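Trainee: Can you build the whole structure from these sequences, using the hints too?
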Amino acid sequence: MLASVWLAVAAPLLGFLVLSLFGKRLPRRLVSAAGVGSVGVAFLSSLLVFWSYLQIAPAPGGVELSLGNWFDTGGLSPRFAVTIDPLSLVMLLVVTGVGFLIHLYSAEFMREDPGLSRFFAYLNLFVGSMLVLVLARNLLLLYLGWEGVGLCSYLLIGFWYRDPQNGAAARKAFIVTRIGDTALAVGLLLLFTELGTLDLPELLARASLRWPLGSGYAVAAAALLLFGAAGKSAQLPLQTWLPDAMAGPTPVSALIHAATMVTAGVYLILRTHALFLLAPPVLLAVAVIGAATLLLAGCSALVQRDLKRVLAYSTISQLGYLFLALGVGAWSAAVFHLVTHAFFKALLFLAAGAVILAQQHEHDIFKMGGLRRRLPVVFWTFLAGASALAGLPLLTAGFYSKDLILFSAWSSGHGGAWLFAAGLAGALLTALYSFRLVFVVFFGESKTEVTHEPGRCITVPLVILAILSLVGGFIELPQNFMGGGVLSRFLDPVLAQGDPHGGPWSEAFAQIVAGLVSLLGLFLAWRFLLRAPRVAAGEIRWPLIGERLRRFWFDGFGFDRLYDALLIRPFVSLSARNAADVVDRPFLGLAWLARGGHRLLARTQTGKVRWYAAAVAVGAIVVVAVELFR
Amino acid sequence: MTVSQISLTPLIPGLLLAGVLFALGLVGLLVRRNLIFMLISVEIMLNAAALAFILAGAHHGAADGQVMFLFILAMAAAEVAVGLAIILKLGRDLGTLDADAARKLGD
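Protein chains in written order, with this note's numbering: chain S, 1 to 630; chain E, 1 to 107.
The set of hints was computed from the structure by calculation and includes no laboratory data.
Source: prediction; values computed, not measured.
Here are some of the chain E residues that sit facing chain S, going by a computed Cβ distance under 8 Å:
no. : residue
1   : L26
2   : L29
3   : L30
4   : A99
5   : D100
6   : R103
7   : K104
Heads up, the beta-carbon is just placed ideally off N, CA and C, and yes, glycines get one too.
Mentor: Okay, structure coming up:
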């Protein structure tokens, strides 16, 4: 029954085909049913694949299923082949499961939208491409899915294309991620020319066979892959596109820009982690990028006013945690946090979408307030998501996953105290901005009238995701609680951990510190936002430096302005200067010379025979003279 | 003819005469506007060239010079026939024999 994995890939793609070809002619209810149903089918077949994988005795390399050759040229013969192993199964379940809930939510969220069939077509194409990405056994096939999800991201960010700002945001996302994609493509070319294959297991085996630890090729290839991953996962220095990507509809933000696509970079590094292990400097760079990103994005999230932008920066920050985990070699911790993050961040976005829908598409959190009583389901689920994001101890999934990352940063051979400290500071920021959202949006007095009560298609996914955000952590309990987790044992064949962590006491220490930090964040948010709500309303004038700092953080540490000054403006001015096409000048000059010569010679055609005779005579004299005096 | 007679042929003055004739013909061709006279000038130039061939042939004691002269003679006859026909036609069409008037191919 493992073959039903093909159904999981084909169903969303078929949905895309049907919706894009006949979507305009189908009744709207049928469009929603087709869009949601195709992903539902994908989820069910993924469950079937999972169940049958557990039945068989799995080989350590996972199971390979192939449809045959894609093409065969110049020694490159990639196949349409998928790997079914614990890692791809986890991704498969997360993508289809969370994707299905978000599709269900979209059926209500987008009900009134005239572009409903287009929306579901893109969304289905996205799920199909994402599945190709996570299942691919071949890096080229992975790249196909990689570009497919990038395309869908572009199409969906600019979904409401009548507003030019949305189009600009879509282009920005596409171009910035494209920079990373180019690095990834170069990395693939390097791997192919050096190792002669792009099939993942073969490639990794050859890499560790031919390249010694820290060899130049390994470092270059890993660095290129890292740059590609940073582009997709919105890490420094390519993180600027994600906050603007919030121009898309909220379900898109939940599915693509929180739960699935942005984790593709993390997945790529997980898949090729053997290569990264050969390149210790790059592995360190992964950790440093992760730590820096989680701090910067955390600070920015703290001062945003737009509900979705807070969540966007929070996503960047949480992806930074994932990179930190990867950088210290805590592979299964990264997968764990990836899964729990998919749950609670999708939940937060969906709940935020419900709030935005209820508030006449108001995005400014300071114009909301007091929604606790009007939207109880949304409040409780949002609270569950925010607690998981903040990592409130013991209860929430976020606590277990984030604690595992922090502990790995502390104890792993690749980690260190600095990375641990950065992670802790980030945890404090996370708790602060999560509860800032909760207190500002749901407490205090009501400022905008609630006009739309969420229906069942919205509340059911919210409740399911809220439950998952709370209990999802139990798939990987810490080592010192009942001896470790199910997830890491499941993942062990693919992502073999090095020497596990330190003793149970230092793990308990990390847990206590992380828990206290998150509670401290909650307390600070409560102290400054509920006890002294004037801070929340922004009525208190910050001192000058504080105001400057706030604005700096608000702009995302000025990266947009930096890139504008460094890259965009020089390019625009260069192209303005080149509008007359400097390169064309020599060729235009040749044409001008030919035309001038023509005019000159045409002058000599007088039609006077005697002139011609004279010219012949002179020519003869010249020839004779040359011949004589040579 | 004997070799001693051939060496007596006055080569340099003969060539000078041919050169002068050629120059006269060229000047006539360039200066005169009447087509008949231009044709005559061309004939003079041809004959100058022919004279040069005869002299050279005599100087080297070879028959080639006289062969070339016969060729030139034949060609000159053909040229005069064609040239006169063209001049006749031009004269009828334009009503003049002025060479500068016949410049329809001019720029």
